[in-house]
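Engineer: Here's the letter readout for the chains.
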Amino acid sequence: MIQRFFRALELEGETYLLGLARVLIGALLFFSTVKVGRFALESGYPYDFFHLPVVPEALVPSKPAYVALLSLRALAALCATAGFRARPALLIAAGIGLHLIACDRLEYHNNRYLLELLALLLAFAPCDRCFRLGRPLPAPDARRGPLWAQRLMQFQVSLVYAASAGSKLFDADWRGGQVLHVRYEHVLELAAANGHVVPSWASELLHAFWFADVSSKAAIFTELFLGLGLWLPPARAIALWIGVMLHFGIEIAAHVEVFSFLMWAAYVLFCVPTLRERKLVFDASSKASRFAAWLISKLDVLARFEVVTSNSAEGLRGSDRDGRIRRGIAAWTLVARGIPLFFPLWLPLAGATLLFGERAQLAGAKAD
Amino acid sequence: MRLRGQCGRAAKNGSVCRQGARYYPAVPDLRKNARAAFVLVYVGLQLALVLSADARPDRVYGFRMFNESSSLKFDLYRRVRTRRGTRLVAVRNGEWQARTKTGERLTFRWTDRIRYPALLEPGVFVHATYGLDAQLFRLQRALDDVAAHLTLDGETEALLAKVEMNRNGRAAGSRELVGERP
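Taken in sequence, the protein lines are chains A and B.
Following numbering that gives the first Met the number 0, the numbering of the first sequence begins with 0 at its first residue and continues without gaps.
Following numbering that gives the first Met the number 0, the numbering of the second sequence begins with 0 at its first residue and continues without gaps.
Incorrect hints may appear among the rest.
To be verified - With a straight-line Cα cutoff of 20 Å, these simulated SDA-like cross-link-like pairs (lysine to any residue) come out: (1) A:K34 with B:K72; (2) B:K31 with A:G12; (3) B:K72 with A:H185; (4) A:K34 with A:L68; (5) B:K100 with B:V88; (6) A:K278 with A:A335; (7) B:K31 with A:I1; (8) A:K34 with A:I1.
Stated by the list, open to error - Across the chosen pairs, the derived CB separations fall in these ranges: (9) A:G36 with B:G43: 47 to 57 Å; (10) A:A171 with B:A147: 46 to 56 Å; (11) B:R98 with A:E203: 56 to 66 Å; (12) A:R6 with B:F124: 34 to 44 Å.
To be verified - Partial list, computed: chain B residues near chain A (C-beta under 7 Å): (13) S51; (14) R63; (15) P116; (16) F124; (17) Q139; (18) T155.
Because the hints were derived from the structure by calculation, they are not lab data.
Quantities reported herein were computed from a predicted structural model and do not represent experimental measurements.
Think of the CB as a built atom: it goes at the ideal place given N, C-alpha and C, for glycine as much as any other residue.
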C-alpha cells in the first residue's frame, strides 16, 4: 500500500492537458480578480465596513495593500494564462486569493475557494511546458512530467461533489425534497414578479411535491456518481457528460459566478493524458469533408485525434484507441466524444448508435 | 540554451530536460518525500475542513452547496437610556437620530457599516445564504460591529434585532439578538 502510494507520486506522463487547464484556470483567476476589483471600485475598500476575518484583524490588508494585492493577483493570473513563469504566478495568485477569502468570510463562496485551491495545486504540477505564448509545443518527451499534483486536483474535484452530496444525503429536508420544493416555489414567484409567463405544465410540475422529491434524490445521486464515477474508467465518460450538462444547467438556472466554468476546466484533468490516440480519416475528394477535417482539427483542443484526409476514404472513418473502426453515426459519436464543443451531443449520438446500428466494423480490424 | 533552476535537478532524475527547453526556478517542484508529506497534509486538511463544516455556523471551507432554502427577517431596535431606565426604540428604515455627548443631534445609519446584501434591509425576508445558522451568525456579528462603532451616539446602549425565521419553508420561530456597545 505504502509502496503503491510512493509509486503514484513518481508517476510521469504527458502534461499537455495540464497546460490547457493552466490557461483556463489562469483566465478564471484573472476574471474573478477583475470582478472583485470592479466591486471595490464601486463600493469602496471592503474592510472599511463590516467584515468577518478568519485571520487576526492585523493581517487584513490596508487600503493601499489591498489595491497592491489585487493588482499583483491580476498580473499573476495573466502570467499564468500566458505561460510566463506560470507556476510561481499561480502560487502567488492562489496565495493572495486564499488570504483575501480568510480576511472576510462574508465573501466566502465555495466556487471562489475551489478556484484558489485548484490554482494552488496546479502550481505544483508541471503545467508550464505547453501553451506558452509565442512558443511552439515542445517535443513529446519534453512534455512528460510528474502527475501527482494532477491526481490531487482530481481528488479535490471529487471531494467537492462528495462533500456536497454527503451533506444533502444526511439532511432529511434535502433528501425528502423540501429544500428543492421551496426553491421551485420561489422560482415561480420570481418569474411571476418579473412578468415571465411560465407554461402551465412547467408550473404544475414545479408546484408538485413529488417532482421536488424525485429531483432531490436525482441531484444527490448525480453528485455522488460524479464524485466516484470520474475515477472509474468505464464510467468516466458518462460521468463527464453528466457533469458537463449539470453545470450547463447550473449556469443557466443559477449563474454561480465562475463555478461551472471552473468545473469544465477541471474536467480537462480527467481526460486520458495521452494525445492523438484516435484517428479520423476524411474523404479528400469532397470539399465538405475537407472542411470538416479542417474544422475538427481546429476544435480538437484536447488533442484527441489524428486527423487525415484520404482519397480512398468514403465519408468519415474513425478508429478508436482499441483500433476498432467506426463509420457513419458511430464515427461522429467518436468525434463528439473527443471534441469539447460537441461533447453534449455525445450521449445522444451514442444512444442513437445503439438504437439504429452503428454501421461499424467491430470485427477488431485495426485502422490503417 | 542554458537550462536554469529546477532543470538541473530534473535532469539528474532523468526527467525532461532537453536542449531548447527552458525552465524557470519554479518554486514548488518537490522531491519524493516532500510530495508525500504535501499530499498527506493537503488531503488530511481538506477532509478535516469538510468533516468539521457543521461546527462552523456559515460552513466555510466545507463545500456545502445550496444547503437550505431558508429565509430570515429582522427588525432593528435601539436600547436607549431614559430617566426612568431603559426602553426599546424601533429603528425605521435603518436610520435613527441621537444626541452626541456634547448635545449635537446626528443621524446614524445601519448601512454606514453594513454592506453585506442579505443584511442591508431590515424588515424584509431574505434568503439565508448557506443556511439559517449562517445568517444568524452574520447578523449577530453585524450588530456587534455596528454597536462597537457608535462612538458618537450618546444615547444608544445596544442594538437589538427581533428575528423571524423560516427554515426550508416552515416557520422556525423567532429570536432576539443583541449587540451591546463595548
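Engineer: Take the hints in turn and mark each one as holding or not.
Structural biologist: Taking the hints in turn, this is what the structure says about them:
Of the supplied pair hints, the one linking A:K34 and B:K72 is violated, its CA atoms being roughly 29 Å apart against a limit of 20 Å. Of the pairs offered as hints, the one joining B:K31 and A:G12 holds, with about 16 Å between alpha carbons and a cut-off of 20 Å not exceeded. Under the criterion of a C-alpha separation no larger than 20 Å, the hint pairing B:K72 with A:H185 is consistent with the structure, at around 16 Å. Our distance criterion of 20 Å between C-alpha atoms is met by A:K34 and A:L68, whose separation comes to about 14 Å.
Only pairs whose Cα atoms come within 20 Å are accepted, and B:K100 paired with B:V88 is accepted, the gap being roughly 19 Å. Taking the CA atoms of A:K278 and A:A335, the gap is about 13 Å. The hint holds against a cut of 20 Å. Restraint check for B:K31 and A:I1: the C-alpha separation of about 13 Å stays at or below 20 Å, so the hint holds. With a C-alpha separation of about 44 Å, the suggested pairing of A:K34 with A:I1 is violated against the 20 Å cut-off.
The hinted window of 47 to 57 Å between A:G36 and B:G43 is violated, with their beta carbons roughly 34 Å apart. Under the hint 46 to 56 Å, the C-beta atoms of A:A171 and B:A147, about 39 Å apart, miss the expected range. The supplied range of 56 to 66 Å is met by B:R98 and A:E203, whose beta-carbon atoms lie about 59 Å from each other. Our hint of 34 to 44 Å for A:R6 and B:F124 is violated, since their Cβ atoms are close to 56 Å apart.
For the restraint placing B:S51 at the interface with chain A, the shortest Cβ-Cβ distance is roughly 11 Å, beyond the 7 Å limit, so the hint is violated. With a least beta-carbon distance of about 5 Å to chain A, the hint placing B:R63 at the interface is held under the 7 Å criterion. Given hint, B:P116 at the interface with chain A, is violated; its Cβ is 10 Å from that chain's nearest Cβ, farther than 7 Å. Because the smallest distance between the Cβ of B:F124 and any Cβ of chain A comes to about 11 Å, over 7 Å, the interface hint for this residue is violated.
Below 7 Å, beta-carbon pairs count as interface contacts, and B:Q139 has none with chain A, the closest being about 11 Å; its hint is therefore violated. Taking 7 Å as the C-beta cut-off, the interface hint given for B:T155 is violated, the closest approach to chain A being about 17 Å.
In summary, the numbered hints that this structure violates are 1, 8, 9, 10, 12, 13, 15, 16, 17, 18.
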